[in-house]
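Engineer: Sequence:
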Amino acid sequence: YFFKENQLGKDNPHNKLTPNLSTLIIMSHVKDGVEMAEEYKLPKIIKDIIEQHHGTSLVKYFYLIMKNSSKDPDDVNEDEFRYPGPIPETKEAGIIMLADGVEAAVRSIGDP
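Just so you know, we're using the working numbering here: the sequence shown kicks off at 389 and counts up by one.
Take these hints with a grain of salt, some might be off.
Only pairs whose alpha carbons sit at most 25 Å apart, straight line, appear in this in silico PhoX-like list of lysine-lysine [to be verified]: (1) K459 x K419; (2) K479 x K435; (3) K419 x K404; (4) K479 x K459; (5) K435 x K404; (6) K479 x K429; (7) K479 x K404.
Honestly, the hints are just simulated from the structure, not real lab data.
The structure displayed is predicted, hence computed values, not measured ones.
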């Protein structure tokens, strides 16, 4: 619901939220995924990939909205818009990170 790739043809729920809250919602899927992996006793390698698939990347869209709308852009703390990591530790985790980013980018593009 809150991810662009799941909003095709729908209103964006983030338009009603602050950039900080939107970022927390977006980033929470990693923690939720790790908890689900533990609940369903998935192998450690899968749990690790879930935890690492965003590394320490920036949720740039909401960071830029906050920075551009702030009275003092220098006061916007980039760390509040950054995944906590860890960075991918295996080739497989790195590939998943790249694939996830490409999928999100492609799905966010409108019809050509």
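Engineer: Could you run down the list of hints and mark each one as holding or not?
Structural biologist: Hint-by-hint comparison with the structure:
Distance check on the hinted pair: K459 and K419 sit about 32 Å apart at the alpha-carbon level, beyond 25 Å; violated. For the hint pairing K479 with K435, the CA-to-CA distance comes to about 15 Å; that is within 25 Å, so the pair holds. Our distance criterion of 25 Å between C-alpha atoms is met by K419 and K404, whose separation comes to about 23 Å. For the hint linking K479 to K459, the alpha-carbon distance of about 42 Å lies beyond 25 Å, and the restraint is violated.
For the proposed pair K435 and K404, the alpha carbon gap of about 32 Å is over 25 Å, so the pair is violated. A threshold of 25 Å between alpha carbons decides the hint, and for K479 with K429 the separation of about 22 Å falls inside it, so the pair holds. The suggested pairing of K479 with K404 is violated, with an alpha-carbon distance near 38 Å, which exceeds 25 Å.
In summary, the numbered hints that this structure violates are 1, 4, 5, 7.
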